[in-house]
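2 protein chains.
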Amino acid sequence: MTTTQHTVRNGVDTTALFATLDAVKANPELAQFRFRASNTWVSGTHNKSSIDGFYGTGQDLAHEQAWTLDADHPAVLVGQDHGPTPVEYLLHALAACLTSGLANVAAARGVNLDEVTSTVEGDINLLGIFGLSDEVRNGFEHIKVSFRMSGDDPDKLRKVVEQSRERSAVFDMLTNGVPVTVKVTPG
Amino acid sequence: MTTTQHTVRNGVDTTALFATLDAVKANPELAQFRFRASNTWVSGTHNKSSIDGFYGTGQDLAHEQAWTLDADHPAVLVGQDHGPTPVEYLLHALAACLTSGLANVAAARGVNLDEVTSTVEGDINLLGIFGLSDEVRNGFEHIKVSFRMSGDDPDKLRKVVEQSRERSAVFDMLTNGVPVTVKVTPG
Chain A
-12 MTTTQHTVRN
-2 GVDTTALFAT
8 LDAVKANPEL
18 AQFRFRASNT
28 WVSGTHNKSS
38 IDGFYGTGQD
48 LAHEQAWTLD
58 ADHPAVLVGQ
68 DHGPTPVEYL
78 LHALAACLTS
88 GLANVAAARG
98 VNLDEVTSTV
108 EGDINLLGIF
118 GLSDEVRNGF
128 EHIKVSFRMS
138 GDDPDKLRKV
148 VEQSRERSAV
158 FDMLTNGVPV
168 TVKVTPG
Chain B
-12 MTTTQHTVRN
-2 GVDTTALFAT
8 LDAVKANPEL
18 AQFRFRASNT
28 WVSGTHNKSS
38 IDGFYGTGQD
48 LAHEQAWTLD
58 ADHPAVLVGQ
68 DHGPTPVEYL
78 LHALAACLTS
88 GLANVAAARG
98 VNLDEVTSTV
108 EGDINLLGIF
118 GLSDEVRNGF
128 EHIKVSFRMS
138 GDDPDKLRKV
148 VEQSRERSAV
158 FDMLTNGVPV
168 TVKVTPG
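So the protein sequences, as listed, match chains A and B. Numbering-wise, the numbering used here puts 6 at position 19 of the first sequence, and it's gapless, one number per residue. Numbering-wise, the numbering used here puts 122 at position 135 of the second sequence, and it's gapless, one number per residue.
Looking at chain A on its own, in the form it has when it is part of the complex (with noise of 0.2 Å):
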């Protein structure tokens, strides 16, 4: 029987993660994920996703439990704000990927945190999506993402972030695009 000692960094088991990535370069068919939402209409602009299965590795997977996600308008927007809206969760998909990927570059470096703080705001001119102005974008013009942290020397942290960007796939999409199609059936 051979028994495997566990480093475990900033909350991540890097020996699992090193495993994986070695299994993923032996069967790099295993690396083919895909993700998804079922999204069910309540009233007005109040909607919400449920979230519990995806595919992975080779096979369908499910989480440990599923979670329902809901998302509104604000009243000052004429919604009911009976959860965040659209726009808010897309903030925070972005700063849990920097984050989530930030702690396992760090772990993997070797560079231990302490805390991780982040501020994502984006700034958005309603007049695109109102159709008032053909000169203004639907989206977000800017998102601004401010990190606060602690824990070795601030210049690692600093690399630790950098890499974690380069290697975000929230970061990828929202800054190169990504194509998506909609399609209507009646039921």
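Since the hints were made in silico from the structure, they are not lab data. Just so we're clear, the structure is a prediction, and the values are computed from it rather than from any experiment. Among the clues, some could well be false.
Listed next, the stretches of chain A that the computed footprint assigns to chain B, with coverage defined by at least 3 CB atoms under 8 Å from CB atoms of chain B [unchecked claim]:
1) 2 to 13
2) 27 to 40
3) 74 to 87
4) 102 to 108
5) 111 to 122
6) 132 to 139
7) 158 to 172
Computed, partial: chain B to chain A, Cβ under 7 Å [stated by the list, open to error]:
8) 4
9) 7
10) 26
11) 58
12) 98
Heads up, the beta-carbon is just placed ideally off N, CA and C, and yes, glycines get one too.
Given the coordinates of chain A, assemble chain B onto it according to the supplied hints.
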């Protein structure tokens, strides 16, 4: 005393919606909004965002409640599965933005909705974020949105989705990209 009779369709107060559009037309500076998410790293790939306030109509505004959103990676990706993954939040943001928008568009056009559900799927090859291939991008290769809708006639419903897509903040950002700046401060 003047009383206004409000018209509500699909749960959307169209009287208030048109009044809001008129108010913004008269004072376009009311349309400048800033949305925000504040994220805190917990451990490993687990982190959480707080969504509570935003700026709009010339003032700081608060949601009716603060929301906390947990994000994590699943066990198969060496996380603890304490919440949806960042990319699943992004899929939810897209579904929610298109669905909130189409409810508004339908109400404004006098189109009745009965049921609206959608599935949003994104295919991602993790060789990109793992740094194991220079030819694979970090984000989804493509995103597929599938709506199933009932209500007024299918052609009207299809046009309502089309218009929502034309005016969706999240669809715009994902397909056209958005400038993102990342700053790190020690502390």
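For each hint, the structure was consulted:
no. : hint       : result
1   : 2 to 13    : holds (count 6)
2   : 27 to 40   : holds (count 10)
3   : 74 to 87   : holds (count 14)
4   : 102 to 108 : holds (count 7)
5   : 111 to 122 : holds (count 10)
6   : 132 to 139 : holds (count 6)
7   : 158 to 172 : holds (count 15)
8   : 4          : holds (5 Å)
9   : 7          : holds (6 Å)
10  : 26         : holds (4 Å)
11  : 58         : holds (4 Å)
12  : 98         : violated (13 Å)
Hint compliance for this structure: hint 12 is the single one not met.
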